[in-house]
Amino acid sequence: MCASEPPRPAKAGRIDRWIQALDDGISRGLYWFSHHWLAVITVLIGLMVGLPLLAPALMAAGLEPLGRALHALYYPSCHQMPQRSFFLFGPQLTYSLDQLAELIGGTVPARFVGIEETGYKMAICERCTGVYSGMLLSAIGFGLYRHTRPISFWVLVPMLAWMVVDGTAQLLGLYTTGWEVRFLNGALFGAAAILATFPYLEAGMRDIVYHSTVSLEPPASS
Numbered sequence: 001m002c003a004s005e006p007p008r009p010a011k012a013g014r015i016d017r018w019i020q021a022l023d024d025g026i027s028r029g030l031y032w033f034s035h036h037w038l039a040v041i042t043v044l045i046g047l048m049v050g051l052p053l054l055a056p057a058l059m060a061a062g063l064e065p066l067g068r069a070l071h072a073l074y075y076p077s078c079h080q081m082p083q084r085s086f087f088l089f090g091p092q093l094t095y096s097l098d099q100l101a102e103l104i105g106g107t108v109p110a111r112f113v114g115i116e117e118t119g120y121k122m123a124i125c126e127r128c129t130g131v132y133s134g135m136l137l138s139a140i141g142f143g144l145y146r147h148t149r150p151i152s153f154w155v156l157v158p159m160l161a162w163m164v165v166d167g168t169a170q171l172l173g174l175y176t177t178g179w180e181v182r183f184l185n186g187a188l189f190g191a192a193a194i195l196a197t198f199p200y201l202e203a204g205m206r207d208i209v210y211h212s213t214v215s216l217e218p219p220a221s222s
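Residues 1 to 222 in this note's numbering are what the sequence shown spells out, letter by letter.
Hints should not be assumed to be uniformly reliable.
[To be verified] Listed next, with one range per pair, are the computed distances between beta-carbon atoms:
1) Leu-47 / Val-155: 49 to 55 Å
2) Gly-143 / Thr-176: 21 to 27 Å
3) Asp-207 / Arg-14: 21 to 27 Å
4) Leu-73 / Leu-22: 31 to 37 Å
5) Gly-62 / Gly-143: 23 to 29 Å
6) Ala-72 / Gly-106: 41 to 47 Å
7) Thr-107 / Leu-54: 54 to 60 Å
8) Glu-102 / Thr-148: 47 to 53 Å
9) Phe-153 / Glu-116: 46 to 52 Å
10) Leu-47 / Glu-117: 25 to 31 Å
11) Thr-197 / Leu-54: 22 to 28 Å
12) Phe-153 / Ala-72: 18 to 24 Å
13) Pro-109 / Arg-17: 24 to 30 Å
Note that these hints are calculated values from the structure, not bench results. All C-beta atoms in this analysis are idealised placements derived from N, C-alpha and C, irrespective of residue type, glycine included.
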């Protein structure tokens, strides 16, 4: 007669239940995200567009510390040069360095965020505004037509390359363009990034939905 197995300690049983609960929670979280990933990412992109717009509104409302905090948040990802950024709540949408220097009566600081006479600067430059706007509009468009293929390589490359070439050339001082060109090539870059990746994300999320549904189904009773 075989000896019976010793009972497992109660602590080990609790750990097993915790591990199982964690595994179930992760599976259900992935299942939820795979259903709602597009809405989540679109909202996040919307915040990326909205917060830079909020910065000048806060400054104009007298909440300067909050406005500057948003500028600081975006500083690692954008040069934020005042002569390459949109100004709100002032007489003009954009300014040259000479115009700003005349209005403030001296040298324009690199981190200049605006004054009452000029309006207040958005927390990102014109090109980045285009990038995030293009991403947002493309994400919304993809939500309306989800069964789309990724854009072709021959369309993707020019959409990405125009911003890279134009931005590098202007950084090197080879030429300069108006805000319309910077905004447009940024918007095309952002749209290309979404239209090239979201169809693959959609396919991957559908796969997760299928496997999660199978794993979460209760076992069939015999």
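Verification of the supplied hints:
no.: 1; hint: Leu-47 / Val-155: 49 to 55 Å; in the structure: 28 Å, violated
no.: 2; hint: Gly-143 / Thr-176: 21 to 27 Å; in the structure: 37 Å, violated
no.: 3; hint: Asp-207 / Arg-14: 21 to 27 Å; in the structure: 34 Å, violated
no.: 4; hint: Leu-73 / Leu-22: 31 to 37 Å; in the structure: 33 Å, holds
no.: 5; hint: Gly-62 / Gly-143: 23 to 29 Å; in the structure: 37 Å, violated
no.: 6; hint: Ala-72 / Gly-106: 41 to 47 Å; in the structure: 23 Å, violated
no.: 7; hint: Thr-107 / Leu-54: 54 to 60 Å; in the structure: 28 Å, violated
no.: 8; hint: Glu-102 / Thr-148: 47 to 53 Å; in the structure: 49 Å, holds
no.: 9; hint: Phe-153 / Glu-116: 46 to 52 Å; in the structure: 49 Å, holds
no.: 10; hint: Leu-47 / Glu-117: 25 to 31 Å; in the structure: 30 Å, holds
no.: 11; hint: Thr-197 / Leu-54: 22 to 28 Å; in the structure: 27 Å, holds
no.: 12; hint: Phe-153 / Ala-72: 18 to 24 Å; in the structure: 38 Å, violated
no.: 13; hint: Pro-109 / Arg-17: 24 to 30 Å; in the structure: 59 Å, violated
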